[in-house]
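Visitor: Sequence lines, in order, name chains A and B. Note that our numbering gives residue 17 to position 6 of the first sequence, counting from 1, and the numbers run on in steps of one. Note that our numbering gives residue 145 to position 134 of the second sequence, counting from 1, and the numbers run on in steps of one.
I should point out that these hints are in silico values taken from the structure, not numbers from a laboratory. Hints are not guaranteed to be accurate.
Since the list gives no way to pick one copy over another, a pair counts as held whenever it fits inside one copy or between any two copies.
[Claimed, not checked] BS3-like mimics (lysine-lysine), calculated; alpha carbons at most 25 Å apart, straight line:
| # | residue 1 | residue 2 |
| --- | --- | --- |
| 1 | Lys14 | Lys138 |
| 2 | Lys42 | Lys78 |
| 3 | Lys75 | Lys27 |
| 4 | Lys104 | Lys42 |
Predicted model, so just to flag it, every value in this text is computed and none were measured.
2 protein chains.
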Amino acid sequence: MTKKQTIEEGSEFIPKFDDNGLITAIAQDAKTGQILMVAYMNRQALDLTIQTGYATYFSRARQKIWKKGQESGHLQKVEQILVDCDQDCLILKVNIEAGQCHVGYRSCFYRALKKNTDKKLVFIADKDYDPQKIYQ
Amino acid sequence: MTKKQTIEEGSEFIPKFDDNGLITAIAQDAKTGQILMVAYMNRQALDLTIQTGYATYFSRARQKIWKKGQESGHLQKVEQILVDCDQDCLILKVNIEAGQCHVGYRSCFYRALKKNTDKKLVFIADKDYDPQKIYQ
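For reference, chain A alone in the conformation it holds in the complex (with noise of 0.2 Å):
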């Protein structure tokens, strides 16, 4: 094989990592299928997820390690962990128990683009959860 086919159709795990040494990771609600948010991932944070099963990402933002929810409580469980044909970028099916965008939603993704505009967003679910109880 190939390198592109070990990468494509081979059954090992080569997860590819970007120059800043991240990859993209999607956390997709389990039971629903619904798309919950978007992080990025180094080395470490992937194989705290595996060894632990809680979602584990590294925080462009503050440049470290961050489990989800160690602040707010929102855990993410991992049910598994699927990778794309050029293994760069991972989608973790989690179960959840709370809203897990920080601004008070289950998802990040509450906003739409509306209808035959390209400038106007329409919101399309309602806050989970009062993120200023949440966060001090």
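The hints should help you fit chain B onto chain A, whose structure is shown.
Guide: Coordinates of chain B only, in the frame set by chain A:
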């Protein structure tokens, strides 16, 4: 409102492109919720997607605009575009009629990390079509 509030709580679409002028876009099957692929858009690709109603990306490998399915015929008809809290990631809810991964699967995410391992993948899907018949 602060700039952060405008981005997170406002109804103005202000997509944030990264240092390479790209934004991450997730194509999700509008009917089933299955995540099909992850790709990138520059401003032009996003505008073309909005204007034409068909998903158009920017190929990082080929460094050019790429209408999904232009070669394979496996187009993505866009039903809705969602944006996340900090507006640096999009979801395209798409309607499809054929497999979306160039390897032949419906979704690029056709493998999962085997339970209790960190290196072994298991295939979780069968091929949808024969890529050798589609791509010349």
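Visitor: Does each hint hold? Answer for all of them.
Guide: Hints, verified against the model:
1. Proximity of Lys14 and Lys138 under a CA criterion of 25 Å is satisfied inter-copy only: 21 Å between copies versus 46 Å inside one chain copy.
2. When the C-alpha separation of Lys42 and Lys78 is checked against a cutoff of 25 Å, the pair qualifies only within one copy, where the shortest distance is 21 Å, while the shortest distance between copies is 32 Å.
3. For the identical chains of this complex, Lys75 and Lys27 are neighbours both inside a copy (19 Å) and across copies (22 Å), given an alpha-carbon limit of 25 Å.
4. Proximity of Lys104 to Lys42 under the C-alpha cut-off of 25 Å is found in both arrangements, the shortest distances being 9 Å within a copy and 18 Å between copies.
Checked against the numbered hints given earlier, this structure breaks none of them.
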